[in-house]
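Each chain is listed here by its residues.
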Amino acid sequence: MGFLDYAPAPESTSILRLRPSYGLFIDGDFSDGSGAEFTTISPATEQPIARIASADAGDVDRAVAAARRAFDTTWSTMRGTDRGKYLFRIARLIQERARELAVAETFDNGKPIRESRDVDIPLVAAWFFYYAGWADKLDYAGLGAAPRPLGVAAQIIPWNFPLLMLAWKIAPALATGNTVVLKPAETTPLTALLFAEILQQADLPAGVVNIITGAGDTGAALVRHPDVDKIAFTGSTAVGREIAKAVAGRPTRVSLELGGKGANIVFDDAPLDEAVEGIVNGIFFNQGQVCCAGSRLLVQENIHEEVVARLKERLTTLRLGDPLDKNTDIGAINSAEQLARIRRLSDLGEAEGSERWTAPCEIPASGFWFAPTLFTGVTTSSTIARDEIFGPVLSVLTFRTPAEAIAKANNTPYGLSAGIWSDKGSKILAVADGLRAGVVWANTFNRFDPSSPFGGYKESGYGREGGRHGLTSYLQGGAI
Amino acid sequence: MTRLSIPKTYKLAIGGAFPRSESGRSYTVQSADGGFLANAAQASRKDARDAVVAARAAQPGWAAATAYNRGQVLYRIAELLDGRRAQFIEEIVATEGVSAADAAVQVDAATDTWIWYAGWADKFAQVVGAGNPVAGPYFNLSVPEPTGVVAAIAPQGVTGASLLGTVAVIAPAIVSGNTVVVIADETRPLSAISLAEVLATSDVPGGVVNVLTGLPAEIAPWLASHSDVNALDMAGAGALDWVNLEIAAAETLTRIVRPVPGIPEQSLERILSFIETKTVWHTKGLL
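Which chain is which? The protein sequence lines are A and B, in order. Just so you know, we're using the numbering used here here: the first sequence kicks off at 210 and counts up by one. Just so you know, we're using the numbering used here here: the second sequence kicks off at 160 and counts up by one.
Only chain A is shown next, with the shape it has when bound in the complex (with noise of 0.2 Å):
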C-alpha cells in the first residue's frame, strides 16, 4: 500500500431497519398513494432500496385537508412554547439517531459519510434546535406582538441535502405555527420518510407535518393547489420561475432558493494553502452539487498557474468511490440523468475550446460516478462559465484587477454565493461590497449555520432561510 491507499472502512448499513415499501404519510399515519408506486435505489450500486408510493392530486389533497384540519383546529391555537417543545423533542430524536440518518442519506444520495455524518445530520438537529427556541418569541420578531402564521406551507426540495433541506423548510414553519405537506425530491426520499417515523416517535399531533413522495407531478399538483397558503421551493432556476407563474394573481406567499453559478475569487495575497482547500471544498463537497458551488473559479492572473499546479495535486489525492468508506471524498452522482447532464455539459466545454483535466481515479464498474474535473482557458463566454453544472467541474478563469473580479463574477443572472480569498482584510471587505450574491465567503467556503440567512439575489431565488430572516417569511407581515 502506498501512503495514500488505505484499507477499506465502510459504515455498516445493519443500524438501518427500512422497510420494504413506503406509503405517503398524512395525517400522522402512512397510507397508499394513488399514482404508481417508484423505487429508489442507491446511486453508487444501483441496487434498489424501497419501493416509493407515489401521490396523485387526489393524495395531494387529502395532505392538504389534513394539514388545513390541524393548523385549524391544533397547531396555530397551541401555545408557542409547546410547539416549541415539540421541535426540541424532534432535535434530540435526531441527534439520537443521527448515526442511521447519516446512513440512510449516503444510501439513497450517494453523498460521502463524511459529510452525511459531520455536516448534513449535526445542521438538520441543529436547525430544529434553534427554530425550536424561536416558537415562544415571536413577539421578538420584528413584526409586532403576536405575529399570525400563514396557513398551509407547501414544500418542495431537491436531492442534494435531502433531510438538511428538509429541516430547512420543516423548522421554521412548525416554530411560527404553520403546517406543512412536504414533497421531497424523488431520487432521494427515504430520509424523510425515516423523519416521518421520528415525528410519530415525537408524538407530533396528526396532519401538522404530511409527507408525500412523487414526482414532478406531484410536486407541480401541491404548488397549483388552491387551499396553499405559502409556497417554499428549493431547485432549479427553470422549475422556480415556473411556480413564480404559477402563483401570479393568487394570494399565496412564495419563497424561491434556486439555482447558482457562484464565483470563488482568489487574490494572489491569498493564503494558498487554505485557498487550495476552500477551492476544493467550494466545488468538489458534495460532488459539485450544491447550489451555492463555487463553480466558477476566478484567480489573480500571476498566479494562476501556481493554483492551478497546485489544485491539480489536491485533487490526485481525492479518494472517489464507496459513499459509504469513511475514507470517501467523492461520492455518487445522484442520478443517471444528472450524470448525463454533468457529461453533456462537461463534453460541451471541451467542444468549445476550453482545456480540460481529470483527476487520475478508477471509476467503480456500477453506479453514477464523475471524476473530479478542472478546466482552464474558460472565458466568460463559455457554456461552462454560464450554466449551472451541478456537478464536480470546476471552470478557472482569470482576472488583473478587484473591479475586473467584481465585473466577471457579477456577470451571470444568477446571485446566490461567492468567495473571496485574501490576506488584506479591506479588500476583503470592499469587493464583498461590490458582489451581487446573497451569501459571501471569505477566506472559507460553504458555510451553513442556522442562524446564518440564506437566499439568493437575481435569478437565484428570493426570501431567505435561517435566522430570523427565515422565520418572518412564514408570517403575516413578512418579507417575502
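If you're looking for bench data, these hints aren't it; they were derived computationally from the structure. One thing to keep in mind: the hints can contain errors.
Across the chosen pairs, the derived CB separations fall in these ranges [unchecked claim]:
1) Ala354(A) / Glu424(B): 13 to 21 Å
2) Leu427(B) / Glu514(A): 47 to 55 Å
3) Thr286(A) / Gly290(B): 32 to 40 Å
4) Thr360(B) / Arg519(A): 52 to 60 Å
List of simulated lysine-lysine pairs, DSS-like, C-alpha gap at most 30 Å [unchecked claim]:
5) Lys282(B) / Lys443(B)
6) Lys282(B) / Lys346(A)
7) Lys443(B) / Lys633(A)
8) Lys443(B) / Lys617(A)
Where a beta carbon is used, it is the ideal one built from N, C-alpha and C, also for glycine.
With chain A's structure known, arrange chain B on it following the hints.
Then chain B, alone, in the frame of chain A:
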C-alpha cells in the same frame, strides 16, 4: 391688462434630462372639468427601455453614497418641494378638481413622506440587519442592500394621489439605493413631471428617478418583462392586467409588489420590498 400666461411643456424625465417621447407622440391632459391643460409626452417602449438604461447606469453610484448622504438628499427634496408648494397646489387643483385646501394637504403629506423616508436611510439596516451567532470561528453579518432597478406604477386616477401617490412609490425604493422608473398617473401626470423638476434641482443624481408619462397599459408590460429590472412595484396597477405583468416578471424572477387600493402607506415593509439580504462570513483566526 392681464398678462398672458406661459403654459409649461411637460416632458419625460430620463437620466436627468427632460426629453420628449422618442416616438413623437403626446396625449391631452384635461382639467377636472374637461378643459385642455397640457399635451403630455406619451412614452413608448423605447422610452421605457432608455429609462431602464439610465436607471441602471445611475444605480451603483447612488447605492454607493453613504446612508447619511442619501438621507440628506431625500430631506433636500422635501425642502425644495415645500418651496414650490404653491405651484403644486395649483396643478393639483387644476387636474384633480379639489379645493386649494385639499391640494395643500396633499402637498404637505408628500413633503412629510420625503422627510419620513429620509430618516430611515441610515436606520433600516440596523433594524433588519443582523450579526449572526454561528457555531464556529466566523464573523458573520447580514446586511440589506438595494435590489437594483425598480419599475413602479404610480396610483392611477386616485383623488389625492397625483403627487402623493407618486412620492409614496418613489421614496421607499430610492432610500435604500435603488433607482426607479416610475409610470405617472395617466390622466393626472403633471405633478409627477413637476416633481421630476424638483428632483433635478435638488441633489438627486440624474437617472436615480426617471418619470414616464403615457399609458400604463402600454408601458408596464415592457418594464415587467425587462430583464434588467430587478423589482416591479405594481402599486397603481390594480386596473391593469396585473396578473400578466406578474407572469412576465416571473421570467427573470423579478421581485414584485402587488397593487394596493388608494395610496401606498408609508412603511418599513415597503423599503424592505426592494432590498436583498447579503450575508458575509469571514474566518476568525486562532490567537
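Hints versus structure:
1. Ala354(A) / Glu424(B): 13 to 21 Å: Because 19 Å falls inside the window, the suggested range holds.
2. Leu427(B) / Glu514(A): 47 to 55 Å: holds (51 Å)
3. Thr286(A) / Gly290(B): 32 to 40 Å: holds (34 Å)
4. Thr360(B) / Arg519(A): 52 to 60 Å: Holds: the Cβ-Cβ distance is about 58 Å, inside 52 to 60 Å.
5. Lys282(B) / Lys443(B): Status holds; Cα separation ~28 Å.
6. Lys282(B) / Lys346(A): holds (24 Å)
7. Lys443(B) / Lys633(A): Between lysine 443(B) and lysine 633(A) the Cα gap is close to 13 Å, so the pair holds against 30 Å.
8. Lys443(B) / Lys617(A): holds (27 Å)
Figure legend: structure checked against the earlier numbered hints; every hint is met.
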